Every structure is written in C-alpha cells, then in structure tokens.
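J.: Work out the full structure: start from the sequences and follow the hints.
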Amino acid sequence: MATSATTAPAAPTGGRRITDHVLLWFVLRRLAALLMLLVGITLIAFLLTHLVPGDPVAANLSQQAVSDPEIVQAFKEKNGLDKPLPVQYVKYLEGLTHGDLGLSQQTQKPVTEDLGEFVPATIELAVTAIVISVLVGVPLGILAAIRRNTWLDQVLRVVTLSGVSVPTFWLALVSYYVLFFKLGLVPGGGRLDPGVDPPAHHTGFYTLDALLDGDPGLFGEALRHLLLPALVLAMFTISLLTRFTRASMLEVLNNDYVRTARAKGMPERVVVFRHVVRPALLPILTVFGVAFGSLLSGTVLVEKIFSWPGIGQYAYNSALALDLPSIMGVCLVVAVIYVGINFAVDIAYGLVDPRIRAT
Amino acid sequence: MVRHTKWLRRWSLVATGAAVALSLAACGSDSSDDSSSGGGGGSKTLVVENSFDLTTADPGQVYEITGGMIAHAMYEPLLGFDGGDLSTPVPVIAKSYELSEDGKTLTLPLRDDVTFSDGTKLTSADVVFSFNRVKNLKGNPSFLLDGVTPSAPDENTVVLTSDKANPGLPYILSNPALGIENSKVVKEHGGTDAADADTTDKAGEWLNANSAGSGPYVLKSFSTTSEVSLEANGDYWGDAPTYSKVVVRNVTADVQKLDVQKGQAQLVLDLAPAQAEGLPSSVEVHSDPTSNTFFLFSNDNPAISETTSNQDFQDALRYGLDYDSLVELAGEGSVRSPGIIPTLFVGALDPSDALATDVDKAKASLAASGYDGEKVELEYPSDLTKNGVSFGTVAQRIQAQLKEIGIDVELVPSPIATSLPNYRDGKEQLGLWLWGADYPDPSDYLAFLPGQTVGLRAGWAAGADPALEALGEQAATTVDNDARGQLYQQIQQQMNVEGPFMPLFQTAQVAVTTSSLSGFEYNPVWTVDFASLK
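Protein sequence lines correspond, in order, to chains A and B.
Residue numbering for the first sequence follows the working numbering, beginning at 1 and increasing consecutively.
Residue numbering for the second sequence follows the working numbering, beginning at 1 and increasing consecutively.
Heads up, some of the hints might be wrong.
Stated by the list, open to error - Straight-line C-alpha distance at most 16 Å; calculated EDC-like pairs for lysine to aspartate or glutamate: (1) A/Lys-76 to B/Asp-198; (2) B/Lys-220 to A/Asp-197; (3) B/Lys-44 to A/Asp-197.
Said to hold, decoys possible - One side of the interface only, derived from the structure: several residues of chain B facing chain A at Cβ under 7 Å: (4) Thr-55; (5) Gly-204; (6) Ser-226; (7) Thr-252; (8) Leu-411; (9) Ala-417; (10) Asn-422.
Said to hold, decoys possible - Per the computed footprint, the stretches of chain A lying under chain B, defined by three or more beta-carbons under 8 Å from a beta-carbon of chain B, are: (11) 64 to 75; (12) 105 to 113.
Don't read these hints as lab results, they were simulated from the structure.
Because the structure is a prediction, the values reported are computed rather than measured.
Using N, Cα and C, we set each Cβ at its ideal position, and we do this for glycine too.
T.: Structure (structure tokens):
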C-alpha cells in the first residue's frame, strides 16, 4: 500500500510507470482476495471436520482406554478438544498466524513438521507429472489440430478419450502389474529401493537433493521410481491438455486473419506459430490450473498404490483416525497450492493480455 | 487443407518421439532385483510389507499392531512367549517369576548380563521407570498396569504389587508397550515417569526418531505413513540377528501380493485368505488363527429393544446362525470360536463344546419369544476389515441366515468413527463387532460379563446373572492356572446357553514369505519377531 501511494504521483510522467502501477494494483487486489479466500477455507474446513458425526476420542483410543475417564480427559486436554468449538477455532487461527498448525493426534508431531515431510514428495510427483503433461499434451494437441481429421487425429482422439475416462486407481494397479510384476521394467513402489538411504534433506525432492549431494546413482534411482507414478498421474492431464489444445487451436485456425495470412502466401510455419499457437495457448493456461488441481486429487490413490509417502497417504490416514489438526493442515496446503496456481494463472493472463488487468 | 510441409513432418516426429521416449524412460532402465534380498555375509536386509496401523514408536504409548511389532524388535519385555505358544510365559529379561499365593505379588529376578544399545547395564530401576511411565502417560496401554505398583528391592529384582489378585499379569508383561526403556537416556530427552507425565513428558518425539532399548534392533528412521527402518543393535547382549537391517514398508494388500512374488519383499502380512489362494510355490503361505474374535450381540436392555432383550429371541439367534458357513466366509486358517475366549488361550473351550446350529430349536424359540416380524437393526462398522474379513460381508450373511428362520434384519452400516460411539453407549439393537485380545490371558474376557465394559455395551447390566458374575470374580482371583482355566471354561459354557453374546469366529492371520526366508512364526501379541527370522 505504502509503495503504491508514493509511486502514484510520479506515474503520469511515463507510460511504463502506469503499466507497472496497474499491474501492482492488480496483483495486490488478487492477493487480498486470496487471503480472504484462505481464511474462508479454514472456517469451512474447520466446521466440516467438526460436523462429521464421529468422535476423535473413539477413533484414537483403544477399547480399554476409552473406558477410563482419566485417559479420555488427558487425551482431550492434550488435543484441545475440551474447549468449546469457537474457542478451538480462534486458537487455531491464532496459531496459524505464527505458522502453528497444531499437533497431529496420530503422529504426536507438529502438523507443519509432518507436512514438511510429506508435501515435497507429492509436489515432486505432481510437478514431474505436469511437466510430462505439458511436454506431451500441448504438442499432441497442436498436432491433432493442424492435422485435423487425419488418421493421427483419430488415433489421438481415441487415446485421449480413454485417457480421461480410465480411473487412475485402475491404471496405477495395472501398470504396476504389467511393468513391474510381469516385465520387471520399473522398480517397485516407494521413492527409492527398500533399504537405500535417502539423500540429505535440502529441498525434499529426492531427485534434486541427490544432484545437490553430487550422487548421480541416487539421482537415477530416484528418477526411476518417480517416472511410472508420474506417468500414471499424467495420463489424465495429458489427455485433458491435448483435447483442449486441439479445440483451442481449431477455434483460432478458423479466424479470418489466419486465412488472410495464408492467402498472402505466408509460410505455414509462420502462420501456425505466430498467428495460431500464441493466442490458442491463452485458454490453455486456465486448463493448466484445473489440471494441476486434478493431479493433486488423483495423487491420493496413486500414492497408495505406489507406496509414495506424500500428502495423499497422510490425508488418508488422518481421515481414518479423524485426526482433525492433520486434516485441517492437508486442506490448507491443498487450498494454498490450488489458490496459488490459480493466482499464478491469473497473473500470467494479466501479463499476456493487458486488457484483463483492468477488470 | 493443411499443407504437409517438411517442417511439420519433422516436428510431428519430434513430438511423438518425445512421448515415446518418456514412456521408455519410465520402463527402460534396469531394475535392481537383488537390492531387497541383500548381499551375503554381514549385510542382509529384510523387507517386510504391512498396511500400517502405526502412530508411535514410543513404547510408553504404543498400542497398534504395526507399532507393537516394531517396538518388540527394539524393547525387550520381562517375560515373553516361545514362538507362537501363548500357554506359558517364558523369561526374557527376567530370569524367572513367582506369583504369591494371593496373586497380588509378582517377583521377578532379572538377568545381570542385559545391556541397552548404548552399553548401559539394565537394572530394576529401568523397569520401574518404564512401567511408571506407561501408567502415567495415560495413553492406550496404560490400563495394562492398572492397580499395579512396580518396586525394586535391589538392583536385580523387580516386584510388582497389584491391588487385587492378578494372575494374568505374567501374560500381560509380554506386551510390546511393556518393553524396558533405558531410563537414563529417556530422561535425558525429556522423559519422565512422574504422576503428571501425561503433560510433562517430552520424550515421545525423540523416541520416534531414536530408540533406547535392549532389543536386537535399534531405530534408524520412522514414518507413520511410509516406512520404518531398523538396524541391528551392534552391542546386543544376546545372539546377533540374521538380518542386519529391517525395512518395514506401508503397502496395500494388492501390491503386497505382487511384491512378495517378485521378491521385492520377503514377508508380507496383509493378504486376505482369498488373496493368498493360488500363489505359486515360490512363496510360502502361513495361515494362523488370531485372537481377533467376531461376535454378534442382541441388546439385553429392554429400553433399547423389547425384541432383542427377550431371552427366547436371543436363543433363536444363538441356534439359528450357521456358524460353519461364517467360518468359511472368514477364510482358510480362521477357526470357529467355541466360546468368547480364543482357542489359543488358557481357559479356551474345546471345539466340541461350541454351540451347534439347530434350526428347529431356533424357530421354536422365535415362536416362544412372541416375535411378530418387526425389523431389527443390525449395526456394524462398514469401513472396517480385519484380516481380510469385512464386517459388511459378515453382516449380509447373518442377515440372510436369520431371514431363513424368520427374523427380519435391517442392516445399518456406518463408518467406525460413527458406529463406535453408538456401540460404546450401548444403543445398538443388534451389533456385529470384534474383540482383539489386549493381552493373551482369559482375564481380558471378563469384560464381557454383566456390568463390565462389553457387557454394558450389549445392555447386560450388573446383577443380570449373579451366579455368572460370582464365577467371574472367582476366576479373576484364582492363581492356580489349571483351576482358573476350568473356571473360565465354566463361564463360557454358561454364556453359551444364555446371555446376549454369540461368538462367531477367530480371523486368520495370513503371512506370505519368500522361500528364502525361514523361521517365521506368528505371535498374536507382537505379530513377528524379526530377530528370529533367518
């Protein structure tokens, strides 16, 4: 705020300044909305997790232990369950302001510490999957569009249709069965082979950490373990991106100016790349945000099959135990990632298309 | 329409090539099959796969199946069992044990050659510290030592004094939660055995990353959701284990089945009996009855249901169930529960004493009960599966069986977090539940008597059967093992003719090992002893 106030008077002197100013306001407005959104999410998540007709005491204490009022009381006090709900929520928000997400009932560790352990595993998986998706999906979509109605387009249509309709869980099991069990082409589950020590913790991404440690062998192994689950996860998003890219390309290809460009005898390469791909990619940015979100939800099942120690597994265990602080923590992390991606997409939109900043 | 120029063709090749290359990269590299089986000589890795039921590695708080298995490898108890035989406790850290005639004083002289993994000698003070810590942490295992006061008359003797006669105590001591901790080290890391330990003890987190026991293994890394790894304790006072490293991984049963056949794991613990059928001869399947008993109850409280509390109606259920068909449903290795106490324990009934199905008798009882066809609700935890047996499947079969004798059962499934409180509050008309033994002694089953924990859940109030309750009290205080065994049998025979409970079956623990692994023996208390595997 202070920065924008001081820079404002100077702005009229140059057009570039105005653009910066508008862009800054755009970012700030989006950031403020984002913060409100996150607070809203904590409230909804808090209410929902507490409205579940279940009893965390019952889920966490053994049959004998729940019969002992002293043990039950000790459990409630330790986990803050003895206070009224609004007090619990305010305490939660209070903790949140200094990065305290509470104590997991399951692991007895701060939720932030748990998340610090599991989030990088998921992000590494999801980022690899999204990179694969973009590298494969976007070119395939462009290809399908410029070769519309050829055999290649037909094949891609069938493949991408099955890609979006096959359940990820099934795909994960089948690919594990075929590629690991039958053919022995990929290693089994987990981030590394059993008994292999992980690299020192720098980023939590095993591939990166192995490189930072200067251990190419470990890097290779981490990568081998990463590729199959990432590919399985990417199947859906590859298909999604291919289909959207194709549709978006076709829309642009039908524009008059494309026909004009061709009529002028402009080389096809220039037509496609200068006049079609760039505008066609804009709506794909949105799909990219959605795709990343779907990756995060798909990861729960993929992590289960590939014994991948990410937030999917953590969320699953927390839900079974009605471990409220952990569930809240996972909700928050997923929300932040989701919202963050959308924010980035918004900004990217704003950068690509200046008209959007004004809205 | 589109001109096929050279660049386009080249470019499409690149794009498809990238896709192919990526998929090949995932498949192409060689997998190192031998990494799990380990090399010969000094460094052998054992890979165990399990669907984790794990919250902590702190022996003062551990009470889950996976946690117990892991704690057992690191912390040794005073007494244990020989393999899977639960009939007689055998010395581990104690040299022997002696229970006083009134059953209140258990004296245990300790071995004097036991050392912790840091080299410190284990003394009776460590035992007193460990036991008081378990009690005062007020966690799941605290009840094991209810009314028990540990003391140490000298460095090598422990005396456990109980408020009431406690003949089951030697059996209880084998519990992984009662493994002995190095008191010096635990205190150094914030541990305490003081009365307010539930709020002041800070060692839990440290014990989830390190261990302080005298067992054959020490903790190397610990995660409640992915993997736990253990390393052989180099200074172990006993025989060194065969495997110098143990990795326990959290893996779903479907994947476990593939992994053990592929040699990715040498031992997997969660296949359902049906999944273990038809496995190749390269692996070995072990099916053993567990101490997890499925039972049905018919609420004895008329305020909950006039119908289910009617004794004739209860008899109709008792004789109308087709027990053999239920055992078959539970799969290979499971057994019929002749009484509520599992067949593995002292005081178990002989299988010939089990209730026999008698449809005519069931129908006659039903007629006598005045039942006029109203719906009766059967509640059960829909999301719970034990040893591959799902409550939903069992409930459906019970519903079908009871329909044949004319009882209209309505199934009311709900997630355990919801159904458990209802069960615990004694509000279910019919309930299908499970009792897993807390410790391998029949005294754990006194909870089923009128006025006791489980009895009350089935609406069986104190005073409902004074004769049975008196028998229960006598069994609880009788020290002589033969005599108390007979008393427990008498109690179960009585419960097989009356009362709200119908014990159904004990599930089977299926374990699959690769042929390279030997020495596996299932023990219901700690599941597997890693150190005895070869």
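J.: All hints are to be evaluated individually against the structure, with a verdict given for each.
T.: Checked hints:
Our distance criterion of 16 Å between C-alpha atoms is met by A/Lys-76 and B/Asp-198, whose separation comes to about 11 Å. Our distance criterion of 16 Å between C-alpha atoms is met by B/Lys-220 and A/Asp-197, whose separation comes to about 10 Å. Under the criterion of a C-alpha separation no larger than 16 Å, the hint pairing B/Lys-44 with A/Asp-197 is consistent with the structure, at around 15 Å. Of the supplied interface hints, the one on B/Thr-55 holds, with its beta-carbon coming within about 5 Å of a beta-carbon of chain A, less than 7 Å.
For B/Gly-204, the interface hint holds, since its Cβ comes within 7 Å of a Cβ in chain A; the closest pair sits about 5 Å apart. The beta carbon of B/Ser-226 comes within 3 Å of a beta carbon in chain A, closer than 7 Å, and the hint placing it at the interface holds. A distance limit of 7 Å between C-beta atoms decides the matter here; for B/Thr-252 the minimum to chain A is near 6 Å, and the interface restraint holds. Of the supplied interface hints, the one on B/Leu-411 is violated, with its beta-carbon coming no nearer than about 18 Å to a beta-carbon of chain A, more than 7 Å.
At about 3 Å, the closest approach between the beta carbon of B/Ala-417 and any beta carbon in chain A falls short of 7 Å, and the interface hint on this residue holds. This hint is violated: B/Asn-422 has a C-beta 10 Å from the nearest C-beta of chain A, more than the 7 Å allowed. Counting residues of the stretch 64 to 75 of chain A whose CB lies closer than 8 Å to any CB of chain B gives 9, which reaches the minimum of 3, so the coverage claim holds. With 4 residues bearing a CB less than 8 Å from a CB of chain B, the stretch 105 to 113 of chain A meets the requirement of three and the coverage assertion stands.
Of the numbered hints given earlier, the model fails hints 8 and 10; all others are met.
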